[in-house]
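Read top to bottom, the protein sequences are chains A and B.
Going by my numbering, the first residue of the first sequence is number 1, and it counts up by one from there.
Going by my numbering, the first residue of the second sequence is number 1001, and it counts up by one from there.
Calculated from the structure, these hints are not laboratory results.
Be careful, since some hints might not be right.
[As the list claims (entries may be wrong)] The calculated EDC-like cross-link candidates involving lysine to aspartate or glutamate, where the alpha carbons are at most 16 angstroms apart (straight line), are:
| no. | chain 1 | residue 1 | chain 2 | residue 2 |
| --- | --- | --- | --- | --- |
| 1 | B | K1354 | A | D291 |
| 2 | B | K1228 | B | D1053 |
| 3 | B | K1228 | B | E1089 |
| 4 | B | K1354 | A | E185 |
| 5 | B | K1228 | B | E1168 |
[Claimed, not checked] Pairwise CB distance ranges, derived in the manner of DEER restraints:
| no. | chain 1 | residue 1 | chain 2 | residue 2 | range |
| --- | --- | --- | --- | --- | --- |
| 6 | B | Q1531 | A | G195 | 51 to 57 angstroms |
| 7 | A | V363 | B | D1560 | 31 to 37 angstroms |
| 8 | A | A71 | B | E1358 | 49 to 55 angstroms |
| 9 | B | P1514 | A | D291 | 52 to 58 angstroms |
| 10 | B | A1321 | A | G195 | 36 to 42 angstroms |
| 11 | A | A476 | B | P1051 | 35 to 41 angstroms |
Each residue gets a CB set at the ideal place from its N, CA and C atoms; glycine is no exception.
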Amino acid sequence: MSLDAVGLEVMGHAFASIAEEMGLVLIHSAVSPNIRERRDCSAALFDAEGEMIAQAAHIPVHLGALAESVAAVRGLDPRPGDLFILNDPYTGGSHLPDITLLGAIDLDGAVGGYSVVRAHHSDVGGAQAGSMPAGAREIFAEGVIVPPVRLTGEVERLFLANVRTPDTRAADLAAQRAAVERGAEGLRALAARYGLAATRAAARDLMDYAERRTREVLRRIRADGLTATDWLEGDGVDDADLAIAVRVDVADGVFHADFTGTAPAARGNVNCPLAVARSAVLFVVRTLLPDDIPTNGGVQRAVRVSAPEGCLVNARRPSAVAAGNVETSQRIVDALFLALAGGGIPVPAQGQGTMNNVTLGGVGWTYYETIGGGQGASRGAPGPSGVHVGMSNTRNTPVEVLELECPLRVRGYALRRGGGGSGQWPGGEGVTREFEALAPMELSVLAERRRHAPRGAAGGGPGALGRTILNGATLAPKVTALLEPGDVLRLETPGGGGWGEPEQGAKR
Amino acid sequence: VCLANPQSEIRNPKWGGAVLRVGVDVGGTFTDLVALGEGGDIRVRKVVTTPADPAVGLFGALDVEGLAPSDPVDVLIHGTTIATNALLERRGARVVLVTTRGFEDLLWLRRQDRAALYDLARDHPPPLVSRGDVVAVAERMGPAGVLEPLADGEVARAVAAVRALAPEAVAVSFLFAFRHAAHERSIAAALRAALPGVPVAASHEVLPVFREFERTSTTTVEAYLRPKVATYLTRLERDVRGRGVAALRVMTSSGGTLPPAAAAARAASLALSGPAGGVVGARLVGVAVGVSELLTLDMGGTSADASLVTGGAPVGDGGGAVAGIPLALPAVLIETVSAGGGSIARLDEGGALKVGPESAGAVPGPACYGRGGQRPTVTDACLVLGWLDAASPLADEVRLEPGAAERAVRSLGPAAGADATRVAAGIVAVAAAVMARALKRVSVARGLDPRRMTLLPFGGAGPLFGCRLADALGMRAIVIPPHPGVLSALGLAAAAERIDLLASFHRSLEQLQPRDIAGAFAPLLAEAASQVPGSTVLRYADCRFAGQGYEVTVPVTADDPRQIRATFLAAHRARHGHAGDGQPVEIVNLRVAALREGALPSFRAATRGAARAPRAQRAVALAGGRATASVWPLDELAAGVTIDGPAILAGRDATALLEPGWRGTVHPSGAVLVERR
Chain A
1 MSLDAVGLEV
11 MGHAFASIAE
21 EMGLVLIHSA
31 VSPNIRERRD
41 CSAALFDAEG
51 EMIAQAAHIP
61 VHLGALAESV
71 AAVRGLDPRP
81 GDLFILNDPY
91 TGGSHLPDIT
101 LLGAIDLDGA
111 VGGYSVVRAH
121 HSDVGGAQAG
131 SMPAGAREIF
141 AEGVIVPPVR
151 LTGEVERLFL
161 ANVRTPDTRA
171 ADLAAQRAAV
181 ERGAEGLRAL
191 AARYGLAATR
201 AAARDLMDYA
211 ERRTREVLRR
221 IRADGLTATD
231 WLEGDGVDDA
241 DLAIAVRVDV
251 ADGVFHADFT
261 GTAPAARGNV
271 NCPLAVARSA
281 VLFVVRTLLP
291 DDIPTNGGVQ
301 RAVRVSAPEG
311 CLVNARRPSA
321 VAAGNVETSQ
331 RIVDALFLAL
341 AGGGIPVPAQ
351 GQGTMNNVTL
361 GGVGWTYYET
371 IGGGQGASRG
381 APGPSGVHVG
391 MSNTRNTPVE
401 VLELECPLRV
411 RGYALRRGGG
421 GSGQWPGGEG
431 VTREFEALAP
441 MELSVLAERR
451 RHAPRGAAGG
461 GPGALGRTIL
471 NGATLAPKVT
481 ALLEPGDVLR
491 LETPGGGGWG
501 EPEQGAKR
Chain B
1001 VCLANPQSEI
1011 RNPKWGGAVL
1021 RVGVDVGGTF
1031 TDLVALGEGG
1041 DIRVRKVVTT
1051 PADPAVGLFG
1061 ALDVEGLAPS
1071 DPVDVLIHGT
1081 TIATNALLER
1091 RGARVVLVTT
1101 RGFEDLLWLR
1111 RQDRAALYDL
1121 ARDHPPPLVS
1131 RGDVVAVAER
1141 MGPAGVLEPL
1151 ADGEVARAVA
1161 AVRALAPEAV
1171 AVSFLFAFRH
1181 AAHERSIAAA
1191 LRAALPGVPV
1201 AASHEVLPVF
1211 REFERTSTTT
1221 VEAYLRPKVA
1231 TYLTRLERDV
1241 RGRGVAALRV
1251 MTSSGGTLPP
1261 AAAAARAASL
1271 ALSGPAGGVV
1281 GARLVGVAVG
1291 VSELLTLDMG
1301 GTSADASLVT
1311 GGAPVGDGGG
1321 AVAGIPLALP
1331 AVLIETVSAG
1341 GGSIARLDEG
1351 GALKVGPESA
1361 GAVPGPACYG
1371 RGGQRPTVTD
1381 ACLVLGWLDA
1391 ASPLADEVRL
1401 EPGAAERAVR
1411 SLGPAAGADA
1421 TRVAAGIVAV
1431 AAAVMARALK
1441 RVSVARGLDP
1451 RRMTLLPFGG
1461 AGPLFGCRLA
1471 DALGMRAIVI
1481 PPHPGVLSAL
1491 GLAAAAERID
1501 LLASFHRSLE
1511 QLQPRDIAGA
1521 FAPLLAEAAS
1531 QVPGSTVLRY
1541 ADCRFAGQGY
1551 EVTVPVTADD
1561 PRQIRATFLA
1571 AHRARHGHAG
1581 DGQPVEIVNL
1591 RVAALREGAL
1601 PSFRAATRGA
1611 ARAPRAQRAV
1621 ALAGGRATAS
1631 VWPLDELAAG
1641 VTIDGPAILA
1651 GRDATALLEP
1661 GWRGTVHPSG
1671 AVLVERR
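Just chain B, same shape as in the assembly:
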């Protein structure tokens, strides 16, 4: 990997006057705020999250920073866990599911595989709908169209049945509606007319793709989340405007942002709103330093999220589940593992050291927080190893107690080996192995070679693990972003306005003419233009060999079927290692992403740093033994300075570790570009 010349010119922001873009990331433990100001300066704030009403913490962060109403804020972009938490805590709307008669149990049948191969008592989490809240409708579409017509009287009967159940939201999902939506349309229209104020989500609108279980589940999630998300966003928008903020936007799982009204109508697309902001922020840092192939790792308090940016864009993922509920909407690819700073280490019965999934959370937190935690966490191990500085409080308020950390870590001692340092080294090694596996799942498992990518670790603890993870994956370059602890909020502040549209279009590629392709994209392009005026539009096709069940999404840069085929063959070979000669290729779905970029942050404030020499030396324990590391102020580094490992870069919101054999160079953006010496 060739990193950009640190002296290369930085793109200047395009501020339209004295305006501010503010990103607010409300996480489980901390609420982070990043304000991008005129001239590219970045202001950063971290406050404690207020779970009962996230808006309180959000406005608290604004107040602390002295923003709005005193400074005019052009736009506030919000990354929210409201949808995620509603799913995790099962606090969504009471949903009635309207479905094809004979198939009322789809949500309970799932795909019939069991929850655990060998634990026969374990079951899947129950669906979001009660079985008594399913209304069956006499109708049936098949592959070629109507098999059983939907009678007017049946529509009226179904509407009455739904009304009698007094739902807070309704999901409609009929068989084959991804291809033949007429029946769903009739029922949805009748329900909307009869039950004003009750949101109705129809599967052909939410996810028009085949596989009835996944589509029905996703549609149900949409209905389940919509009232809560809509209420929250409506109130938030009112309050935000009351403070003189001109506009509110919300981050979606796919890394774009929507105005509140649009977001409320696509509530299920907010399920990964939080982590998506981090990937967007990582991409921006990549743009600033001139790197387009990034493996990203966001290490937070309870978990670590791996993702990647390739060709300068985050990678999408159409599948997956949130909180055990299948949700098949476009999302930024995120692989979550339970290896966060608060993850608890323990020895299993066989003497193997395990990290997570149990976490000390914010309360009591790691033992070194001194809030009553007794069990050793990854953060405790880092403190014992000398990677963290007990003298620097976290987020301005948490002071670290080395004695407590050492006691907790030593409690694993007798079985695992000798002294606290050795046990702590084991804890970080296991945490790194868990994270490395997540990084491999998003890269190697998708046919992307991490050795040709740059690692971008962020979150409070991520940059401590950068060198070690790069080693494990054979990577040679790392970018430590400016303000790694609040990169998600930075991504929010700078995020593009983006909408993703999808249409089912099941056709053999060989039988298509260029005009067919242009014609099929036309309605999607028109809708994209109306929803995000002035946007750049990207076209994609989900392709597969005829008969396959999983598609590869490829960009469509021209209407030429031969070119689409060639692109697909190359992508299939890269991902799966083979590409059938002469096998027919078919398109399954068309996708359009419309985006309007926000101004890029300049990160120029960071270049004003003046630190050209280490502030101190500290003894640290590394994989190769004890060493003396130079200690640098991460947030004040002067551009062009080179730092040889072992070195600790201690910032206000995060700490980075350069291991021996690695050399960092401070980029004018404030990022540190780390390469093998």
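For reference, chain A alone in the conformation it holds in the complex:
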């Protein structure tokens, strides 16, 4: 059976609403601020062959990488109704705080698909509260590693015994499990209504449709060996710059990104598995597509990613990876946009290019926040200010929530006036957020664009550099520290690059 124009739209809505419901169940019933307030989580539905049917649009870096999680679980002889958990970056995960729950959906006694929910848990144990330690040299320091296993009560107990905030984790896992179950129920209801074969065929047709549309768009793009190199500002152990090199070829409607020339895996934790690199490439391709193409496995079919074994973006165990997911993924996006811009393809100027990861924690509590900045300007539009760019789209933690739940005070939260790059269309402005510690606590900051500013495009100026300031002293891009009550941490996030030459007499 092949879907006609109508069935395509009808079934697209039906699958999408299942994924939406999964996301709502998680956000509305989780307890940690990182999931419920910041929505650092994603939900998706996969078919039995491991291709993504539909997603709830949340966090780009999660969504492109979930297919690897499903692939890892499919290798474990899943039985209908089985529930799996994983966070191992080297078998289906991204970085350790991202815990993925996968349900093998029982459709008429066979596995008819997978309900997948990934959430960033702001504590998975490891050397430092918050589990995002700058300076980790091996993955073992970053937290407890959970390879793909069935989530039994005993596995959960083992996991909870390795974290600092077990009650919070248990409650968040319960919400995540409920979200997985909601997805399974949704797909079962759909299959009961339309029949198993028709539901399956509809999912395939939707992916074929997305692939066809994606390839049509890509066929209109001329990219033959476009290259670019951008830089990571140290790995938390060494401060030296690390190259992210990419070559883009678009041929026959397939977007191929190759990372030959990228630095080898680093000693610190800016490494990432290839899944994360694939996510970043997929994100860039998705920005080239019109809104009405559904984001599903069909888009991924038009994307190829290659990287030398053991390089920074195709790391091998036991390389540490906490920052790779959040920072290296951003730099991959920047390098890709740079390459495309070099080929005359009208992509936006570089955005802040970092997530400004701040992790704070003490006895019985952890807090993780990423801070927005300037978006790069586009041809025809200024860059939005104070938003997450690229691979993140989390919300902030409201000041009132933060102060009610953590021994912290927010002394100021504002846009960085004038921080956007100049241009015919100026870049977006970054953000300042200033915290005061009210108790002793551990701090970890993972950030970028502290010395290489986000570049403008087509003659536009660069965005302002970011800064991390502790009690008036500027810190390195990636740093850990112990804070005492009264210490003041100030983050100034980068601006976005401008687009086009500034006009005469332009303000910025």
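Given the coordinates of chain A, work out where chain B should sit on it, guided by the hints.
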């Protein structure tokens, strides 16, 4: 679902003499009027809206119907889009925002998520305040109270700074004012004394709940709307009284009605005044036919609004945004999708058929209106399928042209398939899918199973889609209300007087005694009694597991914390599929709704209908192929008549379609109860 026996007794209205209740719903295209008279008769009128001054159309409708001053009107209840349109068109007051120093950019920072995940050029709509119109105040409250005192000199300085900006309205929002309002109170009092005539909205009065961005945004909306709403309502009240109407009331987003002075002081609570009337009307029809679990769908010209009634009451929603501006006030749950009669169908680049969001609006309107529209709309598709009758004009004045509809629909043809009928069938299928998704968002996504509910479709085109939507959601029962095209106005005419009050009360349920709960509700109950004397008062608590960020609102029928916990656990399990064993539960807010019911409409006039047989037969195209449908006059059906699908029920203000396999029974109220055969 067991529908009430059609012969069951209808509740009689309690008219206090020769009085009339009139509901007027001013929509984007039409102004609808419903008058409830002594003896329960219902008079209905539809006139064209006058956007420049909605009052003109409103009085026009009164004049056409020959009401006031000739007939004494007891109360005129108004559903207005003045607040909605002021937000959509950005035509509110110039507002100065007074806020905590260091946090002046809150409205621009929003929650830092971007407007579109993959469209990097798209930005959020700008705030309602200019950045130059923000006045920072040196003060700070924290979770436990004062961190930085508010000095007298600082109050004077801030007032002078506000005065220098010459605002039309002022919003005051300080951090933690939801819990510690002293600083906000001082500044608001000083501003009110210094700037008489300039409305001042303070966040602890407008929305005393945590999350500073949403509270500040909502407070700003209140200030932005208040002058315009107050001016409109003051003038309207004067004119209404001049015509001998005894009282004017205004529908709020939460489905209650307020006197004009109170409504003007809660302008932001009018943002969904229009759609709320429809949900109230749907509830009344549910009462009349004895159904308390309803999924409602109001299909208008440019959009469709899904909502629900459960336990006989509309469901509230505390979140959301209007016109891209976050507005977190209590409102009837409304999920709006762009699938109205005027929504335009097109093929995208990949050959998929899309409906909306673009709409043909009132001008030029669907192609079949013959007013110059060329592009196919949902209404055109319905006409091509034979669901609408070209011989019956809409709203007495619009004649439908089948030829124009067919040409427009056929223009999509070559890519989508064969003939016009097939394309039209595709258009209605896609529109139905879009509406089904909205219906699922208000039901399934909230843990409510639509299969155990009754669908109530209304608006001009809603009843055409009833069977199809019920099918898509696995529902087995549908109620087609009497006068489906003007149900919103009917809801207005019969709406209760209602006020919603909220207080922040952040306490662990386990540590509360019954007297604590009674004591905390006491001030809210006193205020409710003074604002709506003689009202019935309902108490609710927003509860959550300690640490969660979203609450579940549960009714509080006794002061017993254990009972509140049990109610919460059941509600949480129903909505989220789990309820943590032994996890501590906390109350976050207390809510009180005070309502005084108006007289219920009897709908008895509708039972005087005499039509017991179809008036005609017509060829229609349905999902299963071509069929011959019997055509019945919707407004004149005799009680007790049964109608088997396929059938068209054509009324003056709406048309209904019964698909094969469905059987309708005419209830004495004039509603048609439709069930699977």
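Evaluated hints:
1. Pair hint K1354 of chain B plus D291 of chain A holds up; C-alpha atoms about 13 angstroms apart against a cutoff of 16 angstroms.
2. Note on K1228 of chain B and D1053 of chain B: the hinted pairing holds, with a Cα-Cα distance of about 13 angstroms set against a maximum of 16 angstroms.
3. For the hint linking K1228 of chain B to E1089 of chain B, the alpha-carbon distance of about 13 angstroms falls within 16 angstroms, and the restraint holds.
4. Of the pairs offered as hints, the one joining K1354 of chain B and E185 of chain A is violated, with about 28 angstroms between alpha carbons and a cut-off of 16 angstroms exceeded.
5. Between K1228 of chain B and E1168 of chain B the CA atoms are separated by roughly 10 angstroms; this keeps the pair inside 16 angstroms, and the hint holds.
6. The hint said 51 to 57 angstroms for the Cβ distance between Q1531 of chain B and G195 of chain A, and at roughly 56 angstroms that hint holds.
7. Checked against the hint of 31 to 37 angstroms, the pair V363 of chain A and D1560 of chain B passes, with Cβ atoms roughly 36 angstroms apart.
8. The supplied range of 49 to 55 angstroms is broken by A71 of chain A and E1358 of chain B, whose beta-carbon atoms lie about 41 angstroms from each other.
9. Checked against the hint of 52 to 58 angstroms, the pair P1514 of chain B and D291 of chain A passes, with Cβ atoms roughly 54 angstroms apart.
10. Look at A1321 of chain B against G195 of chain A: about 38 angstroms separates their beta carbons, and that is inside 36 to 42 angstroms.
11. For A476 of chain A and P1051 of chain B, the hinted distance range of 35 to 41 angstroms is not satisfied, since their beta carbons lie about 60 angstroms from each other.
Hints 4, 8, 11 from the earlier list are contradicted by this structure; the remaining hints agree with it.
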